[in-house]
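Given next are the chains, with one letter for each unit.
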Amino acid sequence: MFNLFSFRTMAIIKRELKAQVMTKMFIFTTIFIPMIMFGLIGLQTYMMSYEGKKDTLVEIVAQNEALVPLLKKAYETDDEINRNRFKVNVSSKNSDDFKNYLQSQKKSILSGQLNGLFFIPEGDKFDKKIEYYSKNPKNNSITLKIRKLINGALVEAHFSGTPVSEQDIQFARKGTELANFKVTEKDELEKDNYGAYILAGILAFLLYMSLIMIGMQMLRAVVEEKENRVVEVLLSSVHATELMTAKIIATTCAGLLQIMIWMLPFLVVSLTSILVLPEKFQFTITLFQIIYFVINYGIGLITFLGLYAAAGAIFDNMTEAQQGAMPIMFLILVPFYICFSMMNNPTNTIAEVSSMVPFASIIVMPVRMAIVDVPLWQVAFASLINLGTLAFIFSFVGKIYRVGILKTGKRPQWKEIYRWARD
Amino acid sequence: MSYALEASHLKKQFGNFVAVDDVSFNIPEGAVFGLLGRNGAGKTTIIRMLMNIYLPDEGKVLLRGTAIGQAFRNRVGYLPEERGLYKKMKVLETILFFAELKGIKDQEVKQRALDYLEKFDLTDRKEAKLEDLSKGNQQKVQFICTIIHNPDFIILDEPFSGLDPVNTNLLKDIILELKSQGKIIIFSTHLMDFAEKMCDHIAIIHQGKMLVHGSLKDLKQEYSQCNISLVYQGDISFLQGHPMIEKVEDFGQFTGIRVRQEEDVQTLLHLLVENKVVIKRFDANDISLHEIFINLTANKSNKINSGTQDALVMEVEHV
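Protein sequences, first through last, are from chains V and G.
Numbering-wise (the numbering used here), the first sequence opens with residue 1 and increments by one.
Numbering-wise (the numbering used here), the second sequence opens with residue 1 and increments by one.
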């Protein structure tokens with residue numbers, strides 16, 4: 001029988017912690033991964049808001065000459081167009097002249113001197129069909145703004161000479177604005193924004209990254225011990241189960257330390273007002289969610305580390321071990337993708353069911369909790385499922401580890417591994 | 001006679017392959033015990049069963065009358081055949097870690113580690129990572145890790161392999177020093193010269209079975225009748241086919257001759273002198289461990305079929 005808290009296990013835990021935490025790799029990933037992640041989010045936000053070069057030149061050609069002053073006025077008065085960055089020339093040409101003009105401007109368009117050429121044909125009075133010619137017609141940063149500008153001018157032209165007030169025209173010009181409110185169990189309504197989705201994305205990414213990284217670290221450590229034969233010396237002092245348990249405890253501690261460091265910015269945002277995010281990106285994360293996240297992560301990590309330890313013990317070298325650990329990778333990868341299906345429809349059935357399915361629950365449930373209000377019974381049920389999975393996994397991984405760690409020679413068959421686990 | 005360790009009827013099977021089959025031996029207090037056998041004979045499996053790393057399918061190991069367990073593990077120092085240490089750890093740190101695994105963690109053990117490092121000429125490498133050390137030096141560190149906790153039992157599986165002659169002598173001296181301190185030393189080796197010089201009790205294993213065991217002195221006496229160890233100059237080819245000679249075997253340093261009857265020993269001496277062979281050494285009724293080993297295992301090997309050799313690829317289960 002082995003003793004979990006003997007001096008032997010403590011010695012192994014201490015050594016493992018030192019070997020895992022006091023490394024450049026651990027320090028680098030713990031500090032730089034959040035920085036890279038926030039950097040990527042920032043970069044994405046910047047890319048989305050980047051409207052082009054300072055001298056973006058656009059031409060609007062209207063067949064109807066009456067539209068020209070209206071378009072000029074719209075350009076000068078439109079608040080959203082940054083006139084330092086957008087130069088809009090407006091002119092009038094009939095359709096034949098425009099064709100020739102387009103030919104003459106082809107060189108400028110291809111060279112990037114002229115970023116886009118809009119043509120408003122005469123068409124039907126109620127026809128708002130506009131043609132757009134550009135080297136890159138999918139560039140939304142130009143089309144969205146200019147379409148809005150043209151729409152305003154067309155609305156004004158349409159109603160000119162009718163007894164419609166300027167106020168009504170303003171109203172007609174304007175698009176609809178959507179304000180999202182999240183209905184929760186709480187009394188007050190919360191204004192919804194992208195914050196919850198960003199939070200969910202970050203949590204999914206952190207869980208995925210951490211489980212894969214720490215898991216691979218465990219796999220490598222076990223294979224190395226087996227490969228360089230140090231395991232036999234260790235087993236002359238400790239029981240195999242003691243060794244595996246001590247390694248899992250140490251690696252879990254290292255993983256928890258890492259995830260807690262990663263969660264610090266969220267804790268700061270949630271509990272203090274030191275960091276104030278733009279309204280669009282604000283999110284709400286409760287202390288309960290953070291605590292659940294860390295505990296759930298701990299349970300998940302122990303579960304996966306058990307599997308990785310067993311996989312490491314089965315194989316003799318890292319290449320074979322990595323191939324053998326592929327099914328474990330899928331147990332992490334599939335829930336990660338399910339999390340992204342929630343971004344489109346947070347209440348989809350797959351997400352709801354998988355948040356209570358063994359293994360998937362570890363990643364899907366905390367991410368789901370960040371986006372929707374999950375009934376408490378589901379959270380409790382998922383926790384029970386995770387604990388049950390943990391108990392089930394440890395009923396056989398210890399046996400596989402014990403036999404496999406001293407096994408050398410030919411790669412075992414799955415049938416053989418099943419026999420180790422059963423005996 | 002009281003025994004420190006008793007192994008009785010040990011059996012270990014991996015799949016269909018029987019690695020150890022009904023092996024029994026006793027190790028007296030203060031003995032240097034040699035577990036001898038060819039490669040793949042089952043020595044390491046026996047040692048692993050002694051260490052409780054493998055559980056025997058049958059049989060038991062008793063430590064001074066009680067079944068071995070964690071108490072034995074805490075008092076044993078084990079140097080496995082396949083050496084292994086954490087490559088990224090520093091030398092002193094490694095030694096202290098292995099001491100801590102045995103429950104020893106104090107200033108005294110650190111001093112002892114430093115003393116051993118000095119003895120092995122490794123003081124200036126104490127802060128070096130193991131991966132930066134030569135293989136021989138890594139082996140010396142591993143040996144220090146084996147004995148740092150001052151164990152009562154020291155199990156050494158092929159301790160001299162990979163060591164240069166100077167370090168081999170150094171290690172031998174330390175083993176003898178440990179013996180003089182009353183430690184029980186268990187050797188596993190296929191190098192008979194070392195075993196003969198260092199062991200007082202031996203067991204010879206062949207294909208998982210025990211061939212002989214007991215005190216080396218008794219065994220030599222039993223097997224030495226009609227044996228002569230000869231060191232000479234000249235030509236002894238006339239002995240080949242001589243009716244009184246059973247066997248002539250060249251062991252490099254000396255030649256082993258077996259005569260058919262004890263009385264033939266004197267006749268042989270006369271014959272050599274008559275044939276002008278210069279005799280440097282003539283040990284009658286003497287046999288080397290090497291000869292005993294070869295005689296015993298070669299006889300058995302004739303019965304081996306090649307199929308059995310292939311079965312030496314190990315499968316481990318029921319650990």
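To be clear, the hints were calculated from the coordinates, so they are not data collected in a lab.
There's no promise every hint is true.
Here are the simulated DSS-like cross-link-like pairs (lysine-lysine), alpha carbons at most 27 Å apart as the crow flies [what the hints assert, rightly or not]:
#1 G/LYS87 - V/LYS14
#2 G/LYS183 - V/LYS410
#3 G/LYS11 - G/LYS110
#4 V/LYS73 - V/LYS148
#5 G/LYS11 - V/LYS24
Going through the numbered hints above, which ones does this structure break? Give me the numbers in ascending order. 2, 3, 5
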